[in-house]
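Asks: Residues per chain, in single letters:
There are 2 protein chains.
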Amino acid sequence: MEEKIKTLSALYATHFTAELDRVRLRTGKVTERIKIDHPAAAAILPFIDPAHILLVRQWRYALGKETIELPAGKADPGEELDVCALRELEEETGYHAERLIPIFNFYPAIGYSNELIRIYGASGLTRIDRVIDEDEIAQVEVMTVDHALDLILRGVIHDSKSALGILLFQARQARGEIPQDFFG
Amino acid sequence: MEEKIKTLSALYATHFTAELDRVRLRTGKVTERIKIDHPAAAAILPFIDPAHILLVRQWRYALGKETIELPAGKADPGEELDVCALRELEEETGYHAERLIPIFNFYPAIGYSNELIRIYGASGLTRIDRVIDEDEIAQVEVMTVDHALDLILRGVIHDSKSALGILLFQARQARGEIPQDFFG
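Taken in order, these protein sequences are the chains called L and R. Quick note, the first sequence lines up with residues 1406 to 1589 if you use this note's numbering. Quick note, the second sequence lines up with residues 1406 to 1589 if you use this note's numbering.
The set of hints was computed from the structure by calculation and includes no laboratory data. Hints should not be assumed to be uniformly reliable.
Treat identical chains as interchangeable: a pair holds within one or across any two.
[What the hints assert, rightly or not] 30 Å max Cα-Cα, derived DSSO-like pairs, lysine-lysine:
{"hint": "1", "residue 1": "Lys1470", "residue 2": "Lys1409"}
{"hint": "2", "residue 1": "Lys1479", "residue 2": "Lys1411"}
{"hint": "3", "residue 1": "Lys1470", "residue 2": "Lys1411"}
{"hint": "4", "residue 1": "Lys1479", "residue 2": "Lys1409"}
{"hint": "5", "residue 1": "Lys1434", "residue 2": "Lys1479"}
{"hint": "6", "residue 1": "Lys1470", "residue 2": "Lys1434"}
All chains, full assembly: derive it from the sequences and hints.
Replies: Written as structure tokens, this is what we have:
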């Protein structure tokens, strides 16, 4: 247990708050902790067929470079994560998914953020008539699951949700935990 | 490419800075982005023997609960990540490692932080005569790799570095990428 003594400073953004707190540790020592209060998010591993997935290329301001990732995004206030997953998939790839299964819930940055990301597998994809959100997404790519796994092991796919989504879908598949009818 | 127009506000902590920036997107649209400028960190998957690893229990202020994780920590200014890994392992578990191999470099929170975590596998462990950092670590646990994998799939181990370290060590082992002499 660590107990807040006071908030020393804070930064308020549209979607979250960062607080620097003075904190008393279990041992009695007084120190500072940062805490980002962040909405939950959904990430989607979208299967075109059992061997092929969709990934998105996007610019990441915090890194100053373009990355290849699973489609993903923050939940709107009051929005359920499965609804968020379907919405983000449509906005970022232009595909609607018929089926979603939860793959993993995780905390990306447990040292300073309470953000939770829920990763879903998605299948039964159909192209819908909508424009992709070009403010966020530069390009949508189709690749084999095997190639995506290679890109993880070579360090090209290097963000937590994308690597975890691909690795854990495969781990659950190997254990027979993906429902038989997932791929339709 | 996204271009900073100006910094709207900032929060300065001892080890990092959070900035809220007004930004011009590729498409011309003006929006806000947050950017946490964070030091790199090392995480360690420490093998007592080929079947058993060490994990640490610690309180996470941002979540308000205790977690089970790989030992890990931020690099000190100018500190190489392999040196950081050995230091954090000693501080958090009381073990020195003879061998370190890099397993994965990743960005935990690519949407708002430039933090990079490098995960190492560690072996050749010997107990050293030092007190564990009780401000950070509540308990050190030994468990089998198989049990740790179960805890991931059941959502008990739920932070990005711990799940990725265990999954990717196994993936590299399955591909014959872990050196023969790693376990001595």
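Asks: Each hint: holds or not?
Replies: Against the structure, the hints come out as follows:
1. In this homomeric assembly, Lys1470 and Lys1409 come within 30 Å of each other (Cα to Cα) only across copies, at 14 Å, whereas the closest approach inside a single copy is 36 Å.
2. For the homomeric pair Lys1479 and Lys1411, the shortest alpha-carbon distances inside one copy (28 Å) and between copies (24 Å) are both at most 30 Å.
3. For the homomeric pair Lys1470 and Lys1411, the shortest alpha-carbon distance between copies (19 Å) is at most 30 Å, but the shortest distance inside one copy (37 Å) is not.
4. For a Cα distance limit of 30 Å, the shortest separation of Lys1479 from Lys1409 qualifies both inside one copy, at 27 Å, and across copies, at 22 Å.
5. Taking CA atoms no more than 30 Å apart as the test, Lys1434 paired with Lys1479 passes between copies only; the shortest distance there is 20 Å, against 35 Å inside one copy.
6. For the identical chains of this complex, Lys1470 and Lys1434 are inter-copy neighbours only, at 18 Å across copies versus 40 Å inside a copy, given an alpha-carbon limit of 30 Å.
Every hint, counting from the list given before, is met by this structure.
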